[in-house]
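Asks: What follows is each chain in one-letter form.
There are 2 protein chains.
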Amino acid sequence: MFYVIGLGLCDEKDITVRGLEAIKGSTRVYLEAYTSILMVQKERLEEFYGKELILADRDMVETQSDEILKDADKEDISLLVVGDPFGATTHTDIILRARALKIPTRVVHNASIMNAIGACGLQLYNFGQTVSLVFFTDTWKPDSFYDRIAENSVLGMHTLVLLDIKVKEQSEENLARGRKIYEPPRFMSIPTAVSQLCEIESMRKGGILSPASTLAIAVSRVGGGDEQRIVCGTLDELSQQPEEVYGEPLHSLVIVGKRLHHLEAEYAEAFAARDSKWRDVASSIYKCEFD
Amino acid sequence: MFYVIGLGLCDEKDITVRGLEAIKGSTRVYLEAYTSILMVQKERLEEFYGKELILADRDMVETQSDEILKDADKEDISLLVVGDPFGATTHTDIILRARALKIPTRVVHNASIMNAIGACGLQLYNFGQTVSLVFFTDTWKPDSFYDRIAENSVLGMHTLVLLDIKVKEQSEENLARGRKIYEPPRFMSIPTAVSQLCEIESMRKGGILSPASTLAIAVSRVGGGDEQRIVCGTLDELSQQPEEVYGEPLHSLVIVGKRLHHLEAEYAEAFAARDSKWRDVASSIYKCEFD
Numbered sequence: 000m001f002y003v004i005g006l007g008l009c010d011e012k013d014i015t016v017r018g019l020e021a022i023k024g025s026t027r028v029y030l031e032a033y034t035s036i037l038m039v040q041k042e043r044l045e046e047f048y049g050k051e052l053i054l055a056d057r058d059m060v061e062t063q064s065d066e067i068l069k070d071a072d073k074e075d076i077s078l079l080v081v082g083d084p085f086g087a088t089t090h091t092d093i094i095l096r097a098r099a100l101k102i103p104t105r106v107v108h109n110a111s112i113m114n115a116i117g118a119c120g121l122q123l124y125n126f127g128q129t130v131s132l133v134f135f136t137d138t139w140k141p142d143s144f145y146d147r148i149a150e151n152s153v154l155g156m157h158t159l160v161l162l163d164i165k166v167k168e169q170s171e172e173n174l175a176r177g178r179k180i181y182e183p184p185r186f187m188s189i190p191t192a193v194s195q196l197c198e199i200e201s202m203r204k205g206g207i208l209s210p211a212s213t214l215a216i217a218v219s220r221v222g223g224g225d226e227q228r229i230v231c232g233t234l235d236e237l238s239q240q241p242e243e244v245y246g247e248p249l250h251s252l253v254i255v256g257k258r259l260h261h262l263e264a265e266y267a268e269a270f271a272a273r274d275s276k277w278r279d280v281a282s283s284i285y286k287c288e289f290d
Numbered sequence: 000m001f002y003v004i005g006l007g008l009c010d011e012k013d014i015t016v017r018g019l020e021a022i023k024g025s026t027r028v029y030l031e032a033y034t035s036i037l038m039v040q041k042e043r044l045e046e047f048y049g050k051e052l053i054l055a056d057r058d059m060v061e062t063q064s065d066e067i068l069k070d071a072d073k074e075d076i077s078l079l080v081v082g083d084p085f086g087a088t089t090h091t092d093i094i095l096r097a098r099a100l101k102i103p104t105r106v107v108h109n110a111s112i113m114n115a116i117g118a119c120g121l122q123l124y125n126f127g128q129t130v131s132l133v134f135f136t137d138t139w140k141p142d143s144f145y146d147r148i149a150e151n152s153v154l155g156m157h158t159l160v161l162l163d164i165k166v167k168e169q170s171e172e173n174l175a176r177g178r179k180i181y182e183p184p185r186f187m188s189i190p191t192a193v194s195q196l197c198e199i200e201s202m203r204k205g206g207i208l209s210p211a212s213t214l215a216i217a218v219s220r221v222g223g224g225d226e227q228r229i230v231c232g233t234l235d236e237l238s239q240q241p242e243e244v245y246g247e248p249l250h251s252l253v254i255v256g257k258r259l260h261h262l263e264a265e266y267a268e269a270f271a272a273r274d275s276k277w278r279d280v281a282s283s284i285y286k287c288e289f290d
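First to last, the protein sequences are chains U and D.
Each residue of the first sequence is one higher than the one before, starting from 0 at the first, in numbering that gives the first Met the number 0.
Each residue of the second sequence is one higher than the one before, starting from 0 at the first, in numbering that gives the first Met the number 0.
Everything labelled a hint here was simulated from the structure, so no lab data went into it.
Any given hint could turn out to be false.
With a straight-line Cα cutoff of 30 angstroms, these simulated DSS-like cross-link-like pairs (lysine-lysine) come out [stated by the list, open to error]:
| id | chain 1 | residue 1 | chain 2 | residue 2 |
| --- | --- | --- | --- | --- |
| 1 | U | Lys12 | D | Lys257 |
| 2 | D | Lys69 | U | Lys204 |
| 3 | U | Lys23 | D | Lys101 |
| 4 | D | Lys69 | U | Lys23 |
| 5 | D | Lys12 | U | Lys41 |
| 6 | D | Lys101 | U | Lys276 |
| 7 | U | Lys140 | D | Lys286 |
| 8 | U | Lys41 | U | Lys23 |
| 9 | D | Lys257 | D | Lys276 |
| 10 | D | Lys23 | U | Lys140 |
| 11 | U | Lys41 | U | Lys179 |
| 12 | U | Lys23 | D | Lys12 |
| 13 | D | Lys50 | U | Lys23 |
| 14 | D | Lys165 | D | Lys12 |
| 15 | U | Lys257 | D | Lys140 |
| 16 | U | Lys101 | D | Lys12 |
| 17 | D | Lys12 | U | Lys12 |
| 18 | U | Lys50 | U | Lys140 |
| 19 | D | Lys179 | D | Lys204 |
| 20 | D | Lys276 | U | Lys101 |
| 21 | D | Lys69 | U | Lys12 |
| 22 | U | Lys41 | D | Lys23 |
| 23 | D | Lys257 | U | Lys69 |
| 24 | D | Lys41 | D | Lys12 |
From the derived model, a few chain U residues whose C-beta atoms are all more than 10 angstroms from chain D [what the hints assert, rightly or not]:
| id | residue |
| --- | --- |
| 25 | Gly7 |
| 26 | Met113 |
| 27 | Lys167 |
| 28 | Ile284 |
Computed spacing ranges between beta-carbons, pair by pair [as the list claims (entries may be wrong)]:
| id | chain 1 | residue 1 | chain 2 | residue 2 | range |
| --- | --- | --- | --- | --- | --- |
| 29 | D | Ser143 | U | Ser194 | 31 to 39 angstroms |
| 30 | D | Glu61 | U | Ile180 | 53 to 61 angstroms |
| 31 | D | Gln169 | U | His260 | 28 to 36 angstroms |
| 32 | D | Pro241 | U | Lys204 | 49 to 57 angstroms |
| 33 | U | Ser131 | D | Ala175 | 53 to 61 angstroms |
| 34 | D | Pro241 | U | Glu182 | 41 to 49 angstroms |
Glycine included, C-beta positions come from ideal geometry on N, C-alpha and C.
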């Protein structure tokens, strides 16, 4: 059996009992190497699971799937992924490959940011399509996310914006010299995300995002107990918070849609940034009728 | 500490290690009584968790939250819910009440249908807002879901349709006589759901749903190993399958949006109903360019 097991969002204890049993019964256990986005290191997972983990970067999962799947028709092999196996990064390729090889497969689901974002108080029902925001460079500013946010916005729906991470990046010099030396991982911060969103708004002028009157909610480490951060306010307010307000990465951002219900606004209000105009804007611009 | 713990989708082993630890350390553990939508009974949960569970129906969670929260400032109290605490049914009311009472709260996330639906092969990114479909009666056919599906459809987005369940229903006679005797739980089947969708289409005539050329995917017991069912085809095809094809409840349905990518269509094709025109329709109507 080939198991694809979601680890959930934070640390070694977010795995399900079913997932843990599958790991313990597996002869090989691969860990997809986005580990930097979990709150813990590989060694701590290994100790807790009682198993050695084989690091498999995204490239390996995509191009060397036959090596991962080797003998999975006779033994149990597990692939561990952060969040859920069908979350923001899907694992359909390797499952299709297992299917072609007639290897039985079982997916062990878990929380991912795609559903845990409900912790911010907005109803999952009212979210439209999800978008990703990548780091801009001087010459590359992909902006298709803006059209998606606009589509959601016109209908009043919320938009979950997933922020870029860069892992295993090489400097131009190291790349040119063929040296496999990687830069430290980079995670997009909330102020950077807001700045990029507003930069595209000022170019496209669709009237979709307004620094002073578009509400947004920043989250990080959802489900991570004391490490969880949820901060809401206008885009301007969020861009002006000191970075420590947002805690450790990974960060995500929600653009609040105009169908905002007053119960959603009231729940989220507990997370309002200091001196935020959250309630004023929810009332005057979003037409929330508070009790 | 007041814990709100997601149980995931299927059985006693879908709980996370963190959730299980919280249960074991709690002096009282409530189980929200939608248990019929889990695949297992309360007794099996109790045996596995090593704890007695206090049944709390939805009404009790909403109106008697102070009883549930009693002493949670001094002891650990847990409330167990199916799926994720912020899934289709949210638990913001009781968390707000805990907040008002200054009781520290921790949510333990888990998979819910809102993210596990990715198992059907459609990208979660491409889903629009989620809708609920309730059982029609002769005199009550609420159809606002149609507008939401239409909004998603115009943009090419997929729609997750959650199907009604009726638990703790009383017959008119028992209700009139004040007898607290409840009917057996009812779960909407896929053919019923398709029939209701097409009934509203034929009344509203928005051209959003077509029995012969709208693709849909039925799922049940996602993550439930051998009990999981995923069946795809046109609406007509899904309505004509014998009910046993869909396995045990709870069922959900996805209306496929026109932005369907050929990789999504190829992944889902393995779940096509017998003799389904899935690929033909994906190619001719949805313009998927298969390799």
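Asks: Next step is simple, just say for each hint if it's right about the structure.
Replies: Now for the hints, and whether the structure bears them out:
1. Only pairs whose Cα atoms come within 30 angstroms are accepted, and Lys12 of chain U paired with Lys257 of chain D is rejected, the gap being roughly 39 angstroms.
2. Taking the CA atoms of Lys69 of chain D and Lys204 of chain U, the gap is about 53 angstroms. The hint is violated against a cut of 30 angstroms.
3. A C-alpha spacing of about 40 angstroms is found between Lys23 of chain U and Lys101 of chain D, which places the hinted pair above 30 angstroms, so the restraint is violated.
4. About 39 angstroms separates the Cα atoms of Lys69 of chain D and Lys23 of chain U, which puts this hinted pair outside 30 angstroms; it is violated.
5. A C-alpha spacing of about 24 angstroms is found between Lys12 of chain D and Lys41 of chain U, which places the hinted pair at or below 30 angstroms, so the restraint holds.
6. Distance check on the hinted pair: Lys101 of chain D and Lys276 of chain U sit about 24 angstroms apart at the alpha-carbon level, within 30 angstroms; holds.
7. Annotation: proposed proximity of Lys140 of chain U to Lys286 of chain D holds, straight-line Cα distance about 29 angstroms (limit 30 angstroms).
8. At roughly 16 angstroms between alpha-carbon atoms, Lys41 of chain U and Lys23 of chain U fall within 30 angstroms of each other, so this suggested pair holds.
9. Annotation: proposed proximity of Lys257 of chain D to Lys276 of chain D holds, straight-line Cα distance about 16 angstroms (limit 30 angstroms).
10. Restraint check: the Cα-Cα separation between Lys23 of chain D and Lys140 of chain U comes to about 50 angstroms, which exceeds 30 angstroms; the hinted pair is violated.
11. A threshold of 30 angstroms between alpha carbons decides the hint, and for Lys41 of chain U with Lys179 of chain U the separation of about 21 angstroms falls inside it, so the pair holds.
12. Proximity of Lys23 of chain U to Lys12 of chain D is assessed by CA-CA distance (about 14 angstroms); at most 30 angstroms being required, the pair is judged to hold.
13. With a C-alpha separation of about 25 angstroms, the suggested pair Lys50 of chain D and Lys23 of chain U falls inside the 30 angstroms cut-off, and the hint holds.
14. Only pairs whose Cα atoms come within 30 angstroms are accepted, and Lys165 of chain D paired with Lys12 of chain D is accepted, the gap being roughly 26 angstroms.
15. Distance check on the hinted pair: Lys257 of chain U and Lys140 of chain D sit about 27 angstroms apart at the alpha-carbon level, within 30 angstroms; holds.
16. Proposed proximity of Lys101 of chain U and Lys12 of chain D is supported: the alpha carbons are some 26 angstroms apart, at most 30 angstroms.
17. A hinted pair counts as satisfied when its Cα atoms are at most 30 angstroms apart, and Lys12 of chain D with Lys12 of chain U qualifies at roughly 14 angstroms.
18. Restraint check for Lys50 of chain U and Lys140 of chain U: not satisfied, since their Cα atoms lie roughly 43 angstroms apart, outside the 30 angstroms limit.
19. Distance restraint check for Lys179 of chain D and Lys204 of chain D: the Cα-Cα separation of roughly 42 angstroms exceeds the 30 angstroms cut-off, and the hinted pair is therefore not satisfied.
20. Proximity of Lys276 of chain D to Lys101 of chain U is assessed by CA-CA distance (about 24 angstroms); at most 30 angstroms being required, the pair is judged to hold.
21. For the proposed pair Lys69 of chain D and Lys12 of chain U, the alpha carbon gap of about 27 angstroms is at most 30 angstroms, so the pair holds.
22. With a C-alpha separation of about 27 angstroms, the suggested pairing of Lys41 of chain U with Lys23 of chain D holds against the 30 angstroms cut-off.
23. Annotation: proposed proximity of Lys257 of chain D to Lys69 of chain U is violated, straight-line Cα distance about 37 angstroms (limit 30 angstroms).
24. Restraint check for Lys41 of chain D and Lys12 of chain D: the C-alpha separation of about 13 angstroms stays at or below 30 angstroms, so the hint holds.
25. Not every CB of chain D is more than 10 angstroms from the CB of Gly7 of chain U (nearest about 6 angstroms), against its label as outside the interface.
26. Not every CB of chain D lies more than 10 angstroms from the CB of Met113 of chain U, the least distance being 4 angstroms, so the non-interface label is violated.
27. Lys167 of chain U, annotated as away from the interface, keeps every beta carbon of chain D farther than 10 angstroms; the closest lies near 23 angstroms.
28. With a least CB separation of 21 angstroms from chain D, Ile284 of chain U remains clear of the 10 angstroms interface cut-off, as annotated.
29. Here the CB-CB span from Ser143 of chain D to Ser194 of chain U is close to 38 angstroms, well matched to the stated 31 to 39 angstroms.
30. The given range of 53 to 61 angstroms is respected by Glu61 of chain D and Ile180 of chain U, whose C-beta atoms sit roughly 57 angstroms from each other.
31. Distance hint check: the CB atoms of Gln169 of chain D and His260 of chain U are about 30 angstroms apart, consistent with the given range 28 to 36 angstroms.
32. For Pro241 of chain D and Lys204 of chain U, the hinted distance range of 49 to 57 angstroms is satisfied, since their beta carbons lie about 55 angstroms from each other.
33. In this structure, Ser131 of chain U and Ala175 of chain D meet the distance hint of 53 to 61 angstroms, their C-beta atoms being roughly 56 angstroms apart.
34. For Pro241 of chain D and Glu182 of chain U, the hinted distance range of 41 to 49 angstroms is not satisfied, since their beta carbons lie about 57 angstroms from each other.
Hint violations for this structure: numbers 1, 2, 3, 4, 10, 18, 19, 23, 25, 26 and 34, all remaining hints satisfied.
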